[in-house]
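Novice: All chains should be built: construct the whole structure from the sequences, respecting the hints.
Protein chains in written order, with my numbering: chain A, 14 to 367; chain B, 14 to 367; chain C, 14 to 367; chain D, 14 to 367.
Please note: incorrect hints may appear among the correct ones.
Said to hold, decoys possible - As a list, the in silico DSSO-like pairs of lysine-lysine whose alpha-carbon atoms are at most 30 Å apart:
no., chain 1, residue 1, chain 2, residue 2
1, D, K172, C, K172
2, A, K366, C, K172
3, B, K159, B, K48
4, B, K366, D, K53
Said to hold, decoys possible - For each label pair, taking beta carbons as the anchor points, the in silico distance ranges come out as:
no., chain 1, residue 1, chain 2, residue 2, range
5, C, L51, B, E79, 15 to 25 Å
6, C, D183, B, K53, 51 to 61 Å
7, B, I179, C, R72, 51 to 61 Å
8, B, K53, A, S282, 39 to 49 Å
9, A, E181, B, E201, 35 to 45 Å
10, B, D205, C, I367, 55 to 65 Å
Bear in mind the hints are in silico, worked out from the structure with no lab data behind them.
Idealized CB from N, CA, C, for every residue including glycine.
4 protein chains.
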Amino acid sequence: MAGNSFGKLFKLTTFGESHGQAIGGIIDGCPAGIKLDLEKIQTELNRRKPGQSAIVTQRKEPDTVEFYSGTFEGETTGTPIGFVIKNANQKSKDYSHIKDTYRPSHADYTYDEKYGVRDYRGGGRSSARETACRVVAGAVAKQFLKDIQFNAYTASVGKIELDKNIKELDFSLIETNAVRCPDPASAEKMEDYIKQIRKEGDTVGGTVQCVIRNMPKGLGEPVFDKLHAELGKAMLSINAVKGFEYGSGFEGTKMKGSEHNDLFNEDGSTKTNLSGGIQGGISNGMDIYFNVAFKPVATIMQKQETINKQGENVEMQGKGRHDPCVVPRAVPIVEAMAALVIADYLLQNKSSKI
Amino acid sequence: MAGNSFGKLFKLTTFGESHGQAIGGIIDGCPAGIKLDLEKIQTELNRRKPGQSAIVTQRKEPDTVEFYSGTFEGETTGTPIGFVIKNANQKSKDYSHIKDTYRPSHADYTYDEKYGVRDYRGGGRSSARETACRVVAGAVAKQFLKDIQFNAYTASVGKIELDKNIKELDFSLIETNAVRCPDPASAEKMEDYIKQIRKEGDTVGGTVQCVIRNMPKGLGEPVFDKLHAELGKAMLSINAVKGFEYGSGFEGTKMKGSEHNDLFNEDGSTKTNLSGGIQGGISNGMDIYFNVAFKPVATIMQKQETINKQGENVEMQGKGRHDPCVVPRAVPIVEAMAALVIADYLLQNKSSKI
Amino acid sequence: MAGNSFGKLFKLTTFGESHGQAIGGIIDGCPAGIKLDLEKIQTELNRRKPGQSAIVTQRKEPDTVEFYSGTFEGETTGTPIGFVIKNANQKSKDYSHIKDTYRPSHADYTYDEKYGVRDYRGGGRSSARETACRVVAGAVAKQFLKDIQFNAYTASVGKIELDKNIKELDFSLIETNAVRCPDPASAEKMEDYIKQIRKEGDTVGGTVQCVIRNMPKGLGEPVFDKLHAELGKAMLSINAVKGFEYGSGFEGTKMKGSEHNDLFNEDGSTKTNLSGGIQGGISNGMDIYFNVAFKPVATIMQKQETINKQGENVEMQGKGRHDPCVVPRAVPIVEAMAALVIADYLLQNKSSKI
Amino acid sequence: MAGNSFGKLFKLTTFGESHGQAIGGIIDGCPAGIKLDLEKIQTELNRRKPGQSAIVTQRKEPDTVEFYSGTFEGETTGTPIGFVIKNANQKSKDYSHIKDTYRPSHADYTYDEKYGVRDYRGGGRSSARETACRVVAGAVAKQFLKDIQFNAYTASVGKIELDKNIKELDFSLIETNAVRCPDPASAEKMEDYIKQIRKEGDTVGGTVQCVIRNMPKGLGEPVFDKLHAELGKAMLSINAVKGFEYGSGFEGTKMKGSEHNDLFNEDGSTKTNLSGGIQGGISNGMDIYFNVAFKPVATIMQKQETINKQGENVEMQGKGRHDPCVVPRAVPIVEAMAALVIADYLLQNKSSKI
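Specialist: Here it is in structure tokens:
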């Protein structure tokens with residue numbers, strides 16, 4: 014139960030600390046017969062990579078994924094896909110200052126409480142570096158789900174919001190700017206704001222929105238494993254996430270039933286989609302959309318009071334190269350987790366009727 | 014994987030349609046040696062019961078739980094606890110009008126897509142009646158967790174919000190009003206609003222907030238099974254839920270790191286608690302708090318256009334006795350699911366170190 | 014993990030002590046659209062029932078199964094099937110003599126060591142009464158697997174063996190005698206021997222053989238979840254089982270590869286079947302066959318030395334009505350567990366290729 | 014469900030084909046705070062290695078394990094332990110003759126039926142090479158379980174049996190001969206026989222016996238997850254295994270209850286141990302012992318008739334370097350799987366009472 018696996022039939026298990034020798038994972042349950050384009054997987058991984066633009070951490074990590082098993086002559090064989098991403102820079106020189114110190118709003122204190130021991134270098138297992146493995150597995154899932162489209166993008170940075178309806182958005186613009194916002198005007202404001210925040214030695218939060226198109230009907234399990242419940246868990250398991258809402262979300266709580274109900278067209282589609290593509294926990298074929306809230310990164314380049322292992326007050330200041338805002342690099346992670354969820358439910362659904 | 018189980022070590026599996034003979038469940042993994050007060054469990058169940066006040070559905074369902082196993086001489090034995098709640102009123106006369114009709118924003122259409130067949134009486138398995146079993150299991154979990162306090166309450170109904178800080182609230186007032194809001198002034202406004210909505214034949218959404226006190230440190234598993242990820246899944250699995258946020262939540266995305274970080278006191282507690290009692294997915298001993306968004310009930314007493322199985326346009330109108338707002342009866346369900354999550358992680362945590 | 018569930022996609026969870034109010038279970042994951050013949054299920058249950066013949070326990074237990082959910086108009090709906098078997102005779106008068114006494118080779122001592130508390134009446138949860146629930150679920154699985162035939166029968170009682178090759182057996186004779194042996198001559202000897210053993214106040218062991226015909230190819234998962242590994246676990250989980258072998262089994266260890274290999278026919282079938290229908294953990298379409306070893310029942314009607322909770326030597330003697338040989342009633346349990354395993358793997362296999 | 018994971022709380026997931034780039038695994042759930050001696054792990058792996066003696070395959074595989082995560086300063090941290098064993102010789106030249114040919118009693122045919130595609134080089138995923146990962150994980154488990162002793166050894170080769178009672182055996186002699194039998198006289202006979210069989214271009218089966226000493230009481234879960242049921246599954250999941258029995262096993266079926274019952278000593282230990290250390294599925298603190306049946310290796314150096322993918326009759330003959338008897342190298346695998354089972358149940362048992 015140690016919590017390093019995700020999914021039931023399409024299952025990812027990951028390992029690795031940020032400053033160990035390598036991180037990696039095993040994808041178990043990927044069906045046989047899928048042609049895998051390995052370059053596409055590396056491309057997805059590059060979207061998450063440090064150093065890719067001026068508004069993310071400037072750490073140098075090549076993040077090259079090596080596949081060790083599970084494919085033969087370019088095709089999946091149904092056996093587990095093992096992969097490894099070597100850690101380029103394992104020297105721990107930058108982390109001696111946090112060896113005995115608990116960084117505020119990090120996982121240092123809680124890991125020590127839970128395990129009694131901790132790899133303090135770069136956050137160890139609690140580092141967001143682990144999410145690189147999710148992106149690899151998500152990229153494999155996407156190739157399995159080839160007709161289903163996953164479009165995540167930055168919907169807000171701090172108080173700057175993408176103020177457009179989903180229908181107005183052109184998803185082909187997402188990768189045209191460093192902040193990954195499909196609205197160029199908003200993107201520019203967000204980017205400027207992130208740069209300003211970084212100058213202050215501070216950080217800021219934001220939200221990612223994700224739209225899943227071409228969804229098959231009938232995915233999701235009733236009661237505890239509702240499709241949106243698992244999507245919610247998937248998103249909340251990403252570092253720094255504080256909230257999840259789908260369809261009408263928190264705004265929907267203010268509406269009346271007569272306003273909120275999605276009336277049917279004759280073909281079973283609905284005139285509105287406040288349900289967010291899921292009814293009773295099961296996909297209805299309409300677009301799924303949801304929002305994910307990311308808090309501001311806890312590591313700031315300003316002095317902060319904190320305590321050490323001995324419970325003494327000490328002062329600390331972030332060192333090294335950190336993201337002023339996690340949201341642009343979180344976009345591919347959100348997509349990856351969404352793809353893992355949908356892949357798993359697609360396989361699960363094969364046993365729902367004879 | 015059919016999704017009718019929740020939890021790994023403290024596990025609930027439920028069965029039952031709203032208009033079958035009975036609903037029930039099995040609690041597996043409850044440790045031996047817990048004195049069980051069965052009346053307290055029934056009391057919890059009564060908090061969820063239809064007909065308990067003027068602002069909830071007036072259906073008559075006694076909802077009496079019978080325990081069949083797992084205890085001996087008043088104590089749990091470590092063996093599975095089987096229980097059953099008989100369905101009082103199994104006659105289906107009220108449901109003939111929906112036999113072939115898909116109610117808007119219900120699970121009728123998606124169940125048919127998934128299974129090809131469906132018990133259409135009262136929503137069948139998709140009925141919120143299933144949550145009665147969760148309340149039973151949650152009440153058992155609470156007795157196992159006796160020092161940990163679960164306080165859920167209505168935080169908003171439509172646009173009427175409980176406008177007080179958690180610290181100002183007196184949780185002993187929650188059960189003093191039908192709407193289950195610890196602030197009597199807000200409660201009155203909410204109650205009036207629900208009555209008005211009901212007169213309109215309409216429904217309205219709302220939010221439940223939950224505060225967990227006396228939390229042990231170290232609960233939660235890193236990476237995929239973070240404590241808040243599982244809490245989120247638990248809440249999102251409740252009927253009508255559209256969103257979940259904990260700690261600073263969606264509001265926290267607008268903050269800077271320098272504002273958001275929770276600085277430590279010397280004893281490891283924190284001066285602020287925007288983390289919501291969870292850091293890196295693991296409890297830090299501070300209060301856990303979170304919000305759950307409920308959409309307006311889909312069944313309204315107004316005429317609506319819809320379609321039938323044949324894809325023809327038909328008109329329908331809700332019959333029978335339904336909740337104008339699900340939130341007051343959802344309060345004990347939120348508490349129950351929270352207790353199930355914490356019980357499970359308490360057991361899981363026993364294997365984190367030697 | 015409390016071990017009261019079996020299966021992953023076609024999953025049974027059971028509850029109930031022998032002297033509680035009821036035993037029962039939940040079958041989760043049975044696909045929608047299966048016509049269920051409830052009488053056939055009761056018939057299977059009757060094959061396991063006490064009092065059915067002169068050579069089994071003479072206890073009176075009606076063992077009537079009641080279904081509470083999961084079917085609608087005679088068909089499964091894909092939702093969980095909840096069922097209950099009431100315990101007819103819950104009076105505990107016969108068990109006061111074992112309240113503080115540990116019966117030799119029973120589970121009394123180990124349950125106390127594990128849980129610190131125990132329902133001592135009739136073995137509580139460790140009673141073979143629990144297997145009634147397995148027979149119910151297995152009977153449902155059989156109806157799902159309608160073309161696959163499960164034939165279990167008594168292959169030995171003590172040293173009396175059914176000395177015929179599987180191919181010579183006429184399975185239609187299994188139910189023609191009380192001992193459930195398809196060879197009438199052997200059956201008579203076995204029955205006489207069991208009667209003699211009972212007169213001595215003693216018990217005896219035996220073996221059950223099971224043959225599965227019309228197996229689909231490709232069932233079983235590689236590596237840890239090989240088809241025979243799960244069949245083995247299923248059988249070893251039945252009360253009193255001490256061993257499992259399939260295909261050539263323990264005898265096969267004495268053979269050479271040149272004798273043991275099953276050569277192919279052109280259609281993929283094999284000329285011999287020492288593999289027992291499974292190669293590399295995956296079914297090859299040939300008949301699956303295996304043997305299950307049952308030890309002699311531990312409760313004997315003779316005086317035995319033992320100890321009590323206080324570690325004092327005491328003398329005890331079995332009371333009541335017990336089976337002199339468990340094998341005849343174990344036959345339907347073996348079939349049921351085999352059916353549960355095959356049903357689960359049939360569903361799992363749906364996700365092995367695109 | 015793809016079957017490449019074993020264990021629930023102490024969980025191993027493996028990947029890798031025999032002729033891919035590497036095999037490896039992830040151990041998830043190993044508690045924090047265990048000092049790991051990595052050399053000891055390599056030593057265990059060397060016991061399984063090809064080429065170690067004259068009676069095993071002469072393939073050259075260095076089998077060096079590299080650890081990538083999960084330890085810090087020599088101690089486990091509670092995070093997943095990722096490891097990799099590179100495949101030294103990935104060239105596939107030796108396997109072209111089996112590309113389209115189904116080897117008798119191998120997994121070639123069934124893998125093709127299941128997946129529709131297969132890495133035919135050296136058996137791919139069905140190769141016993143995968144068990145190297147089990148030995149690594151088992152060696153970690155042994156260090157966690159340091160007081161519990163696992164002693165497996167060869168108990169028979171073909172018809173040559175180790176004809177001594179467990180109590181007479183000196184386990185320190187196991188590693189003094191190539192066949193791994195603690196009785197030197199039997200070992201010599203076995204070794205001679207294996208050499209003779211190899212000369213014939215044939216193979217032979219055998220059995221491994223395992224004794225677990227210093228067992229804690231109370232391990233094992235009632236009903237489906239009985240300790241011996243999981244041990245049985247673990248053993249049956251090893252390549253070439255056809256049977257499992259524990260305690261009195263198949264011989265016990267011939268006994269009477271009055272002979273078979275284990276009477277108690279005052280301290281709760283038993284005078285005899287036909288129960289094999291497990292009663293009602295739960296350990297009672299006595300030694301656990303069991304037998305595992307291995308069939309003769311299917312690859313023989315003699316000509317055999319077989320078929321190819323097109324269903325045509327073809328003739329084939331094993332090439333390369335194969336084991337004439339799998340048993341000597343299976344000994345450490347049996348120990349490893351036993352250690353994984355016990356580690357898992359030790360963790361599970363922590364939640365059995367308050």
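Novice: All the hints need checking, so say for each whether the structure fits it.
Specialist: Cross-check of the supplied hints:
1. D:K172 with C:K172: holds, 22 Å
2. A:K366 with C:K172: Violated - the C-alpha atoms of K172 of chain C and K366 of chain A are around 47 Å apart, more than 30 Å.
3. B:K159 with B:K48: holds, 11 Å
4. B:K366 with D:K53: Given pair K366 of chain B, K53 of chain D holds - Cα atoms ~22 Å apart, limit 30 Å.
5. C:L51 with B:E79: 15 to 25 Å: holds, 23 Å
6. C:D183 with B:K53: 51 to 61 Å: holds, 60 Å
7. B:I179 with C:R72: 51 to 61 Å: At 59 Å between Cβs, range holds.
8. B:K53 with A:S282: 39 to 49 Å: holds, 47 Å
9. A:E181 with B:E201: 35 to 45 Å: holds, 42 Å
10. B:D205 with C:I367: 55 to 65 Å: holds, 57 Å
The structure does not agree with numbered hint 2 stated previously, though it agrees with all others.
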